[in-house]
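Student: Here the structure of chain S is known, so what remains is to put chain L in place on it, guided by the hints.
There are 2 protein chains.
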Amino acid sequence: MRIALDGMGSDAFPEPEVLGAIQAVREFGWQIILTGNETQLHNALNRAAGPRLPENITVEHAPERVTSGEQPAFASRQKPQNSIARGFDLVKSGAADAFVTAGNTGAALTNGLLVLKRIAGIRRPALTVTLPVKNGRCIMLDIGANAECKPEYLFQFGIMGAVYAETVLGITNPRVGLLSNGEEAGKGNELTRAAHRLLATAKLNFIGNIEPKEIFGGGADVVVTDGFTGNVALKVTEAVAVLVGSMIKDAFMSSPLAKMGGLLARSAIQHARRDLDPNEVGGVPLLGLNGIAIKAHGRSNARAIRSALVAAAAAAQNNMIEKLQERIAAAGTPISQPAA
Amino acid sequence: MRIALDGMGSDAFPEPEVLGAIQAVREFGWQIILTGNETQLHNALNRAAGPRLPENITVEHAPERVTSGEQPAFASRQKPQNSIARGFDLVKSGAADAFVTAGNTGAALTNGLLVLKRIAGIRRPALTVTLPVKNGRCIMLDIGANAECKPEYLFQFGIMGAVYAETVLGITNPRVGLLSNGEEAGKGNELTRAAHRLLATAKLNFIGNIEPKEIFGGGADVVVTDGFTGNVALKVTEAVAVLVGSMIKDAFMSSPLAKMGGLLARSAIQHARRDLDPNEVGGVPLLGLNGIAIKAHGRSNARAIRSALVAAAAAAQNNMIEKLQERIAAAGTPISQPAA
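Chains S and L are the protein sequences, given in the same order. Quick note on numbering: the first sequence equals residues 1 to 340 in my numbering. Quick note on numbering: the second sequence equals residues 1 to 340 in my numbering.
Chain S extracted, bound-state conformation:
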C-alpha cells in the first residue's frame, strides 16, 4: 500500500501529517509519500523521528501551498506546483494507490478534477460527510461540491455513497435515503421528487425520503441531497451542537450545585461531545474522481490523519474505484423525466 499524503494541508501543518504518517508506517507497514516543501518536511521528520527517517516515508517536493482561505479554482491555477496537485499526480502516475489531504477542500476538488478527471459516466463529483447519529454514524452527500443539482446527479450520489459505505465502511446493503421534508414520495421540491423517481429504479437498498429525525435516529447509512441543502444541514448540525454545548456549560455554571454536578460528570460529557463532532472522523472521500482521494479536516491532529490514511487504504484494498466504475456503468446515466 502506497499512500500519498499532503504534508502541508492541515491548519497545524506539517506536524499532524508527519506524526500521522509515522504512526501509520509503524502500525501497518505502508509506504507514505509526503508532498510539500521538502526542507520543512524533512525538518519535521527529523524532529519527530530523529535523523533516521523511517524507511517507508519519502518526500516529494512541491514548492507551493494553497491556503485554507484561498479561492480554490484561482489558487489551483496560480499554483500548479501545490502540494495537493502533486499528490494527485502521484495517484495518476500509479506511484500511489490513494491520496490524503487536510487542505483546502475546494482546491482538493479542483486539483482532483484537473489531474484525475471524473470516473467515466459520473456527472458530478460529491463531497461527503460522516454525521454522528444515534448509536453510530451515517454518511451524507453532497455537502457542498454542487450548490445546484440535477436529479441525475442525486441518483449517482446514491450509487457513489452506497459503494463507499460498502467498500470503506464495510456496511452490507447500505440503506440509502433521500433527504426531504416529509417521508411520502410526493413530499419534497421538484428536484427531490424527480430524484426519488430515479433512485427508486436504481439497484440500491433505497428506503425513500428520509427526514432529519430519522437520520439522526440512525435510520439510514447513506443520505443523498444536493450540495446546497447538504451544506446547510451539516452546518446546522455543527451550529446546534455548539449552541447546546454552550447552553449546557452555562447551565453547569448557573448554581453551585450544578457546578459540582458539572465537575462530576465532566469526563462523561466530554466523551459525548467527541461522539457528536463530525470532525472526529478522520477523513471522507471526494467521490467521483477517477482515483482515491480522502479529505481530512483542516483541524486534523495526528490521530485524525492516521484515520484518514486508514480510510484511504481501505478504499484502495477494496477496489473502490473499480466498483464505482462498474456500478456507474451498469446504472447508466438516466435523464430525469418530468412527473407523469
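It should be emphasised that the hints constitute simulated quantities derived from the structure, not laboratory data. Don't take every hint at face value.
Which copy is meant is left open, so a pair is good if it fits within one copy or across any two.
In silico DSS-like cross-links for lysine-lysine, where the CA-CA straight-line distance does not exceed 30 Å [said to hold, decoys possible]:
id, residue 1, residue 2
1, 92, 117
2, 117, 187
3, 150, 323
4, 134, 117
5, 323, 117
6, 117, 150
7, 213, 150
8, 213, 203
9, 187, 79
Note that this is a predicted model, so its numbers are computed, not measured.
Tutor: Showing chain L alone in chain S's frame:
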C-alpha cells in the same frame, strides 16, 4: 381585543385552549371566542371555571375537526364547518381581530387562504418558526408552506419577516439575513443568488447571506429561506437537539459519579432544554394572509396557548396587517432577473 381561538386544535384539546383562554381573559380582559364542538367546549369550561362561565369567553359552534394526520387540502374541503375555518370566518367578518389555532398547520394555511385570501401583492404565504439562538431568538421563514420558491417570494418573505419582527417582537430595524452556504454574495444556489440581488434592493436592514453558525450565534433577527431548505434546517435543529439531549442523558448514566453530577445539575439542564425547544414559544404567524393568524404547536399546554394569544393581540394592536399591506405595496413585486 377580540381573539378567535380554535378550541379543538391541540393534541390535548380542548383543555389547553380552555385554560389558556381563561388565563388570558383574567389577565388581560380580552374577549375570546372559542370555535369547535359547543358541547365539548362548554363541558370543558364548566370543569375549568365552574358553572359561571367567564363573561368574556364565548363559544362558536363548529361541528367538524381536522385532525393532525389528515391531508390538509382534502380535509379542509371535506369538512367546511371545521373549527379552523370557523375561526377565520370570525376574522373575515370582523367579529374577531385575530385567530389562534394549535391545529393542523396545513389545514390552517389552506383554510386561511380560502377564507381570508392573501394580502394584495403577496405572491405566497409563509410559515414561520422562532429558533433558539445564543442569548435570544430569531425567526426563520419559510419553513414549509412553499417547497418550491421563486426569488421574488424570498424577497417578500424578507419584508414580511421584518414587519412581524418589528410589530410583534418589538425589534427595531431587524437584521434580515438570507440562509446560505457561504457569506459572500456569490455563494448559494441559483435561487439564493437571485434572491440576494432582490433583497439588496429592498428597504430592509439586509445583512446579506448568513450561515447557520452565525444564525445560532445570534447574528440575525430574521432568516429568509425557501420552504424546503427551511423545513430541513428546522428539523435538523430539532433532531440534533434531541440527539444531544439523549447523549447527555447517556453520559450522565455512564458512571456513578456522572449520575450524581446529573442529579445535582438536573434543574439547570432542564432549564437549558426548555430554552432550546423551538416549541416553547407560544405561537408563530402564518404570514401573507389578509388577517392575523397565529399557529401554536400541537403539543401546546395552557401556557403556550396563552403566549399565542399574546402574540395575536400584539399583532392586532400594532396593526401588523396594515403595515404588511403598506410595505408590500411600497416594495412592489419585483421580477427576478438572471445574473448580469
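Student: Taking the numbered hints from earlier one at a time, note which ones the structure violates and give those numbers from smallest to largest.
Tutor: Going through the list in order, the structure violates hint 4 alone and respects the others.
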